[in-house]
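Numbered by this note's numbering, the letters in the sequence shown go through residues 15 to 234 in order.
Because the hints were derived from the structure by calculation, they are not lab data. Think of the CB as a built atom: it goes at the ideal place given N, C-alpha and C, for glycine as much as any other residue. Among the clues, some could well be false.
To be verified - For lysine to aspartate or glutamate, the following DMTMM-like pairs were computed, each having C-alpha atoms within a straight-line distance of at most 20 Å: (1) K23 x D121; (2) K90 x E25; (3) K182 x E168.
What the hints assert, rightly or not - What follows is a list of derived Cβ distance ranges for each label pair: (4) E86 x Q65: 25 to 33 Å; (5) L122 x A164: 52 to 60 Å; (6) E76 x E106: 29 to 37 Å.
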Amino acid sequence: QQLREAEEKLEAANNHSAQSMDERRSEQATILRLQALIESMEESGESQAGQLEAELLAQRRECAALQREAAEQRQKIEELVRNQQECRNSAEEGRSFKLENDSLKKDLAVARQEQTKLNDVVEQCIAKLEKESQERPHLVDKRMVTQMLAAYLEQRDNPRQQQEITTKMADLLGFTTAEREQVGLVQRRKTLMEQQDETAGLSDLSDRFVDFLFEESEGA
């Protein structure tokens, strides 16, 4: 709509400018005729010459006014041309922004689909972890158990260190008090505190507990 209005204004300005130029040429022709008339009537008297000179001066002033108006019209035409170009540029930018917006909408839709898929995967993983935690409340890292067993075997001559290691392993496996009593761990603590010299019986008890831990870690 703005572009069409600018074109209409431009056409009107061109018409007005052409009309002004015609009038200017007509005035110039009149001036020439007056000058010729003055020359031919110089002998007729000073009064007529003065009147003609005054008319000539008025015509020149009018011609100057027409020239100024023509210059203003040219400036308006140039401004209309600039506005027309700006309208075209704005329309082109609008089309470019629309294409970019459509592309961003497509990218957003794809990103939302990917996010939905990722959310589904995360929910499945969480559900799987919850299920495993319910079925196996004490998940054991076999590498950690292996390291503890190796440390335990290195401390065969140090019952107190073996006691600490087996206690930590029982904590890692989530043993209850009843399970600790079942494997003799509680009894073994009492033996260490009360009878430090009975290392042979303690080692046998610890070995039985270690065998039990091997079975538990393999089952985990």
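Results of checking the hints against the structure:
1. K23 x D121: violated, 43 Å
2. K90 x E25: holds, 11 Å
3. K182 x E168: This hinted pair holds, its Cα atoms lying about 16 Å apart.
4. E86 x Q65: 25 to 33 Å: holds, 32 Å
5. L122 x A164: 52 to 60 Å: Since L122 and A164 have Cβ atoms about 54 Å apart, the given range 52 to 60 Å holds.
6. E76 x E106: 29 to 37 Å: Since E76 and E106 have Cβ atoms about 45 Å apart, the given range 29 to 37 Å is violated.
The structure does not agree with the numbered hints 1, 6 stated previously, though it agrees with the rest.
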